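Single-letter residue listing:
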Amino acid sequence: MKTTSPVGKSVPRIDARQKVTGEARFVFDMSLPGMLVGKMLRSPHAHAKIVRIDTSKAEKLPGVRAIVTAEDTPKIKFGSNEYFFPYTVDQFPLEFEKVRYIGDEIAAVAAVDEETARKALSLIDVQYEILPAVFDPLEAMKPGAPAIHTAMNNIGVMMPSSFGDPDRALKESDYVREDVFTLPSAAHAALEPHVSIGQYELSTNRITLWASTQAPFKIREAMAKTFKMQEADVRVIKLHVGGGFGGKLEMFPMDFCACLLSKKCGGFPVKIMCSREEVFSFTRRKHPMIYKLKSGAKKDGTITAITGEVIADGGAYCSYGPTVVAAAIMRFMMVYKLKNVRLFGSRVYTNNPISGAIRGFGGVQSGFAIESHIDMLARGIGMDPVEFRLKNATDPNTTTVNKLIISSNGLKDCIREAARRSGWRDKYGVKKETAPGVFRGIGIGVAADVMGSKMYKSHESAGSIIKVEEDGSVYLFTGAADTGQGSDTALAQIAAHELGVAYERIRIKAADTEITPFDTGSFASRVTFISGNATKNAATDAKRQILEVVGQELKLDVPGLDIKDEQVIDKNSGRALLSFDRAVVLCYSFNYGRLIIGRGNYNPKTTPVDFRSGEGNISGSYGFEAQIAEVEVNTKTGQVKVLKMVDVHDIGYPINPASVHGQIEGSIVMGLGYTFYEDLKFKEGRVLNASFSKYRIPRSVNMTEIESVFIETNDPQGPFGAKGMGESSLLPTAAAIANAIHDAIGIQIKDLPITPQKVLAALKEKESGRG
Amino acid sequence: MKTVTLDINQKTCVLEVRDSELLIETLRDRLGLLGTKYSCLEGDCGACTVLLDGNNVLSCLILTLEAEGRKITTIEGMSPGGELHPVQQAFIDAGAVQCGFCTPGMVLASKALLDKNSHPDKEDIVRALDGNLCRCTGYVRIVEAVTAAAKAMEKTS
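Same order as they appear, the protein sequences are chains A and B. The opening position of the first sequence corresponds to residue 1 in this note's numbering, with each subsequent residue numbered one higher. The opening position of the second sequence corresponds to residue 1001 in this note's numbering, with each subsequent residue numbered one higher.
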């Protein structure tokens, strides 16, 4: 098996064959002997007191095996940001005092089949006392509004970000402007619906949960807490996951109930599957936001201050609210050199469905607002938006005003390269009518990546174990959760390179909380960077163990040995001493008897964020990008066509270029959806478009030409220089397009989605002289 | 209940089905052909795509009774003997697979296209895949894969 390193090559995904042949198994496909069908009973009211739950009729229905309510639980609340924000732990796995949104879980049923389970739900008699409900966050903040939890004015999360003297800086500015942006809700729309299979082992009081999840260890923690059990007694297993995008990052009541029902019915496994309507209506959604900004600039192009206020509709519970608000009010400080900042974020409880994490957290909403606003500031002082961004962009090896420690930083190169490739200089500001009433325009947006965000625990460690068997096979155990992004493949590439063997040797086992090492999960673009470093360290350790035996046997110094291309080599001469296979056999043989088990972990160097000011280094490193959109706007119909997107991305180093491009392309197309039509709509707390026919996501016919280019900055902390990058390409897309529309026809849409109606209305307003 | 004889992946299969039984239910729940994916059950997403006499159809919109006497191909029938179909290989090579939940439907819809049109242009491809949703890839590499598969099939035919 002659090879060279797989790192930096677009090797086939480690699970590609199973996926193209349909053999890949998802939890949705799984069944177990004796398995029962579980269903959740959900509140039909947006806000009501629960007076009485009577399950007696349902229990008598033939085929019903178990019914659970809060009375079967220890009544312990869970939340997602417990470590830093204990007051946001606000949800019971089953509610019993009141319900706070249409869909709130109050009971669950296990039965022999779907029909019986459904019928049993209809036989559960719940008496409610309807309470006044509030759906608009601004209304919810007013004194006298219905109190959803105990938070004052329903503001569940308040977060400032405050540095310097913004008031003085605004006064000293040559140009100041104020803008208000509004951002709608959106759905993750992963293709595999949410699903859980729970099994309770009565003899040991242990739980096994199979879930379609991005964070098995996070679910384990919440399950153990709400069941009042030890974490060790809860086993969470992930199979292939059919997409997540932030929507599968938490424990859901259905996870809890699948296990509780199993306990109550005597240990039979219980499977609870969400319908597509349930996924849209009752899982998680993007936080709608109102984003108000007031900022200033000097004539020379220096941004003097950014100030503002962000109000997010949080829905009924807190979920990942603090992280989302933090991203919304802090993320832009990674890209712009600022001295004076003051933003205040409020996440408001309403009786709408629960807002939570979604790709980019609050960065997508902030990306649209900030990047549109920055363009308008540039125009206000008569400066080219590309030059304006270059003037204010952060540099390598700097510490920002909020104490982000930025080492490698290719942002300026990204901006310059995107401008060059898109022909910015020749196109921007040049009026181009390609057909009567059809105008072309070009626009830019920039963004930054984090790779991890220490907001779940005090640490953000990930671990890996590498086991080399006597026959030379290599197993990699990781707790990281590949939900489709390709992290299993990247980790296998890293392990193969570091161990000096062929990629094809690596078999990956992920993730099972009882077997694989701890990993906080797939979020904040952290896996390649954090789990990748852990895997690299584990492979280094395994290699050291092999080389020690070889050194002892051949009476050579271990530091002079290495493994490359499946051979143990003398580093100085490059001469092959023996094959990897033979070296492994040697390790296991006779008196050596060494079982090769390498271990590694990695905890990024960060400093805790002080959430009273917003100061702290949230991530071990930062990635950067610039995106340029070219559009054609039809002023008669209001239709906007995106002709091309150029994305230049500082990814550090691409472990698997095809996967990295795939993340960027997928993000941009998701961004096109959010720009033009994705808008989860509600009426009095009920989702109006809970299907793929009514909630449109981009289809193949909606794709656009994408040019994706890497800037390699070889991050000193990243494995082989790699950085995380799975989310940020979604951040600047809407703003780049909105800015391009302005370049084409002189109107700036500040309210997503950008529909033809809004374009026409803005044109009309402009023509009447008010625009 | 009715007895039907189904031709699935070139194998004959006789079974009793309810009048209202959907093809996706028969395939997944009764025959264990789990490569046909359940995602919306409303005919909106394409994850449950199978081929019926070579045409891509949604198995959540078809009654099993309607499929009697017609050739049904599921993803499990794409690589008899373990050798991948050029479309499958092209999906791997182009990096067109991410979470993989839409992949079986995408592969089958692509095969249906290429069996009818061996030289599709980009427009033909995006139109042929319009009914198959993918949330991961942005379709870029899927279209590249189908283009590459067309070339590969041309060489082998």
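Note that these hints are calculated values from the structure, not bench results. In this text the structure is predicted, and so the values were computed from the model without any measurement. Among these hints, one or two may not hold up.
[Stated by the list, open to error] Each computed BS3-like pair below joins lysine-lysine, with the alpha-carbon atoms no more than 30 Å apart:
(1) A:K171 / A:K432
(2) A:K98 / A:K292
(3) A:K571 / A:K555
(4) A:K9 / B:K1122
(5) A:K636 / B:K1002
(6) A:K555 / A:K9
(7) A:K758 / A:K681
(8) A:K171 / A:K292
(9) A:K9 / B:K1002
(10) A:K641 / A:K571
(11) A:K431 / A:K457
(12) A:K299 / A:K467
(13) A:K77 / A:K171
(14) A:K9 / B:K1151
(15) B:K1122 / A:K694
(16) A:K644 / A:K467
(17) A:K294 / A:K339
(18) A:K644 / B:K1002
(19) B:K1155 / A:K427
(20) A:K142 / A:K681
(21) A:K294 / A:K694
(22) B:K1122 / A:K641
(23) B:K1155 / A:K119
(24) A:K60 / A:K9
(25) A:K432 / B:K1122
(26) A:K339 / A:K432
(27) A:K644 / B:K1122
(28) A:K509 / A:K467
(29) A:K119 / A:K292
(30) A:K171 / A:K299
(31) B:K1122 / B:K1151
Hint-by-hint comparison with the structure:
Between the alpha carbons of A:K171 and A:K432 the distance comes to roughly 38 Å, so the proposed pair goes past 30 Å and is violated. A threshold of 30 Å between alpha carbons decides the hint, and for A:K98 with A:K292 the separation of about 34 Å lies outside it, so the pair is violated. Note on A:K571 and A:K555: the hinted pairing holds, with a Cα-Cα distance of about 15 Å set against a maximum of 30 Å. Distance check on the hinted pair: A:K9 and B:K1122 sit about 26 Å apart at the alpha-carbon level, within 30 Å; holds.
Distance check on the hinted pair: A:K636 and B:K1002 sit about 57 Å apart at the alpha-carbon level, beyond 30 Å; violated. With a C-alpha separation of about 36 Å, the suggested pair A:K555 and A:K9 falls outside the 30 Å cut-off, and the hint is violated. About 17 Å separates the Cα atoms of A:K758 and A:K681, which keeps this hinted pair within 30 Å; it holds. Between A:K171 and A:K292 the CA atoms are separated by roughly 18 Å; this keeps the pair inside 30 Å, and the hint holds.
For the suggested pair A:K9 and B:K1002, the alpha carbons sit about 54 Å apart, so the restraint of at most 30 Å is broken. Taking the CA atoms of A:K641 and A:K571, the gap is about 57 Å. The hint is violated against a cut of 30 Å. Proposed proximity of A:K431 and A:K457 is contradicted: the alpha carbons are some 52 Å apart, above 30 Å. Taking the CA atoms of A:K299 and A:K467, the gap is near 61 Å; set against the 30 Å cutoff, the hint is violated.
For the hint linking A:K77 to A:K171, the alpha-carbon distance of about 47 Å lies beyond 30 Å, and the restraint is violated. A threshold of 30 Å between alpha carbons decides the hint, and for A:K9 with B:K1151 the separation of about 23 Å falls inside it, so the pair holds. Annotation: proposed proximity of B:K1122 to A:K694 holds, straight-line Cα distance about 27 Å (limit 30 Å). Pair hint A:K644 plus A:K467 does not hold up; C-alpha atoms about 46 Å apart against a cutoff of 30 Å.
Distance restraint check for A:K294 and A:K339: the Cα-Cα separation of roughly 15 Å lies within the 30 Å cut-off, and the hinted pair is therefore satisfied. For the suggested pair A:K644 and B:K1002, the alpha carbons sit about 54 Å apart, so the restraint of at most 30 Å is broken. Restraint check for B:K1155 and A:K427: the C-alpha separation of about 42 Å exceeds 30 Å, so the hint is violated. The hinted pair formed by A:K142 and A:K681 meets the criterion: a straight-line CA distance of about 23 Å does not exceed 30 Å.
Of the supplied pair hints, the one linking A:K294 and A:K694 is violated, its CA atoms being roughly 36 Å apart against a limit of 30 Å. Restraint check for B:K1122 and A:K641: satisfied, since their Cα atoms lie roughly 17 Å apart, inside the 30 Å limit. Restraint check: the Cα-Cα separation between B:K1155 and A:K119 comes to about 57 Å, which exceeds 30 Å; the hinted pair is violated. Taken as a hint, the A:K60 and A:K9 pair is broken in the structure, with Cα atoms around 61 Å apart against an allowance of 30 Å.
Taking the CA atoms of A:K432 and B:K1122, the gap is about 27 Å. The hint holds against a cut of 30 Å. With a CA separation close to 38 Å, the supplied pair A:K339 and A:K432 exceeds the 30 Å bound. Between the alpha carbons of A:K644 and B:K1122 the distance comes to roughly 15 Å, so the proposed pair stays at or under 30 Å and holds. Restraint check for A:K509 and A:K467: satisfied, since their Cα atoms lie roughly 11 Å apart, inside the 30 Å limit.
Proximity of A:K119 to A:K292 is assessed by CA-CA distance (about 48 Å); at most 30 Å being required, the pair is judged violated. Between A:K171 and A:K299, the direct Cα distance comes to roughly 14 Å. Compliance with the 30 Å bound is thereby established for this hinted pair. About 13 Å separates the Cα atoms of B:K1122 and B:K1151, which keeps this hinted pair within 30 Å; it holds.
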